[in-house]
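Novice: Just so you know, the protein sequences line up as chains A and B, in that order.
Mapping the first sequence onto the working numbering, position 118 (from 1) lands on 118, and the numbers just tick up by one.
So the mapping is simple: the working numbering equals the position in the second sequence, first residue as 1, plus 196.
If you are wondering where the hints come from, they were derived from the structure by calculation, not from laboratory data.
It should be emphasised that the depicted structure is a prediction, and the values quoted were computed from it without experimental measurement.
It is possible that part of the hints are untrue.
Unchecked claim - Looking from chain B toward chain A, a few residues come up when the C-beta cut is under 8 angstroms (computed):
hint, residue
1, 222
2, 223
3, 224
4, 254
5, 264
6, 313
To be verified - A few chain A positions that, by computed beta-carbon distances, are all more than 10 angstroms from chain B:
hint, residue
7, 58
8, 80
9, 113
10, 147
11, 148
12, 162
13, 171
14, 195
Claimed, not checked - In silico negatives: residues of chain B with every beta carbon more than 10 angstroms from chain A:
hint, residue
15, 212
16, 228
17, 256
18, 262
19, 268
Each residue gets a CB set at the ideal place from its N, CA and C atoms; glycine is no exception.
Residues per chain, in single letters:
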Amino acid sequence: MSEASLSPGFAHPVRDAQAAFRALLEAAARPGTIASLRVPAEPPPCLPPAMAAVALTLVDADTPLWIDAAAHEAAVWLRFHCGCRIVADAREAGFVFAADASALPDMATLDAGRDEYPDRGATIVLAVAGFGSGAALRLTGPGIDGERVVSVEGLAAGFVAARAANHRLFPRGVDAILVSGAHAMFLPRSTSIEEA
Amino acid sequence: MAVLARAPEAALEAALAALSPAPAWQVLRGPETGMVMVRGRMGGSGRAFNLGEMTVTRCAVRLGDGRIGHAYIAGRDGRRAELAAVLEATAQGAVPPSLAQALASMRAAQEAERDDRSRRAAATRVEFYGMVRMG
Chain A
1 MSEASLSPGF AHPVRDAQAA FRALLEAAAR PGTIASLRVP AEPPPCLPPA
51 MAAVALTLVD ADTPLWIDAA AHEAAVWLRF HCGCRIVADA REAGFVFAAD
101 ASALPDMATL DAGRDEYPDR GATIVLAVAG FGSGAALRLT GPGIDGERVV
151 SVEGLAAGFV AARAANHRLF PRGVDAILVS GAHAMFLPRS TSIEEA
Chain B
197 MAVLARAPEA ALEAALAALS PAPAWQVLRG PETGMVMVRG RMGGSGRAFN
247 LGEMTVTRCA VRLGDGRIGH AYIAGRDGRR AELAAVLEAT AQGAVPPSLA
297 QALASMRAAQ EAERDDRSRR AAATRVEFYG MVRMG
C-alpha cells in the first residue's frame, strides 16, 4: 500500500475508540462472547474491519506491532494512524496481528511478560473465517459460569494445543483476540480451551 | 509549509478560492488539537531544555489524485489547519500559478511583519557601555 491509497481512521476518533475499547473490555471480561466493534468506514482492504478497529483502539507509539505478510499492505495505514513501530521480529512485539490465521508465529516464542510484570505479555489479534460454525471449543475459567461452548471457523490447526501450553504459564502468557468482519472474541490467557 | 502555517485564514481561503478546478479532498486525520513540548537551547552550544508546551492543531488530507498534504499550525483553529493541508497537497508537484502568486504574497506579508517587529524591538534596545578603569 502506498501513501496515495491511505484512508481515514475512525469517523470520530475519540468517541469511536472509546466505544470499541468498552466493547473489547466487555469481551475480555466474558471470554467467548462475541463483541461487535465500532469500525472505521474504509479500513485497508487486507485487514478485517475489526482488526483495524483494534489497532486504532489499542495500538500506539508504546506498543511495537508485528504484522504478517497478508497484512503488510496495511503497514502505511497502521503507522500513520497508530504511530506505532512495526517490528520484523514477533518476539519484540506487544501486538501480533495475523490477517492470515495460519501465519501466526509460534505462540511459545512470543513475549509472555515476566512474573513481576505479567501485564507486559503480547496480545495476538487473529483473523478467522467466522463465528458460529466450524470447530467447537469448550471454554472454562474466570468470567465463565461453568463452561461456554463456542464455534470458530478457520482457526489454525495447532491453536488449541499452543493455547494450552500458554495457559500453563499463568500468570504469564499471551492474550488472543479473534476477529472476523466487525466482530471480535476475546480469549484471555486465563481461559482454558479444549476441543469440544 | 511554514508560510502556510503562519498565514491568516482569510489569505488561505482566498488562495483556495483562486484555484481552478477547485480541489476535492478527504480528511485523513483531524483537524485535532494537542500539545507539543517546545525545546530551546541557550546560545549555540547550550544544552537543550524544555521551554514549555504549546497548543498545536494538525490535519492531514488526501486530494482526489492521491496527493497527501499535512499541516501543523500553532493554536486551535481547525479550519486553518485543514486549509493549509489542502494547499500544501496542491503545491506538491507542479504548483498552479495562482497558488505560487498567493504563496509569494503571504511570504512577503510575513516578512514585512517580521521586519516591522524587529525594527520596533531594535528601537527600544538599550546599549550598555562598559567603563574601563584606569590605573
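Novice: Does the closest beta carbon of chain A sit nearer than 8 angstroms to the beta carbon of residue 313 of chain B?
Specialist: Interface hint status for residue 313 of chain B: violated (36 angstroms vs cutoff 8 angstroms).
Novice: Decide, holds or violated, for the assertion that all CB atoms of chain B are farther than 10 angstroms from the CB of residue 113 of chain A.
Specialist: holds (31 angstroms)
Novice: May I ask you to check that residue 212 of chain B keeps its beta-carbon over 10 angstroms from the closest beta-carbon of chain A?
Specialist: holds (20 angstroms)
Novice: Hint validation: residue 264 of chain B versus chain A, beta carbon distance must be below 8 angstroms. Holds or violated?
Specialist: Check passed: Cβ of residue 264 of chain B comes within 5 angstroms of chain A, closer than 8 angstroms.
Novice: So, residue 223 of chain B near chain A? Judge it on the closest CB pair being under 8 angstroms.
Specialist: Holds - the Cβ of residue 223 of chain B comes within 8 angstroms of chain A, reaching about 6 angstroms at its closest.
Novice: Is the nearest Cβ of chain A still more than 10 angstroms from the Cβ of residue 228 of chain B?
Specialist: Given that some Cβ of chain A is not farther than 10 angstroms from that of residue 228 of chain B, nearest at about 7 angstroms, it is violated.
Novice: The output says residue 256 of chain B does not contact chain A. Does that hold with a beta carbon cutoff of 10 angstroms?
Specialist: violated (8 angstroms)
Novice: Measuring from the C-beta of residue 224 of chain B to each C-beta in chain A, is the shortest one below 8 angstroms?
Specialist: holds (5 angstroms)
Novice: So is residue 171 of chain A really clear of chain B, every C-beta pair being over 10 angstroms apart?
Specialist: holds (36 angstroms)
Novice: Does residue 254 of chain B meet its interface restraint, that is, does its C-beta lie within less than 8 angstroms of any C-beta in chain A?
Specialist: violated (12 angstroms)
Novice: Could you let me know if the closest chain A CB is still more than 10 angstroms away from the CB of residue 262 of chain B?
Specialist: violated (3 angstroms)
Novice: Under 8 angstroms is the threshold here; is the Cβ of residue 222 of chain B close enough to any Cβ of chain A for the hint to stand?
Specialist: holds (7 angstroms)
The structure is inconsistent with the numbered hints 4, 6, 8, 16, 17 and 18, although it conforms to all the rest.
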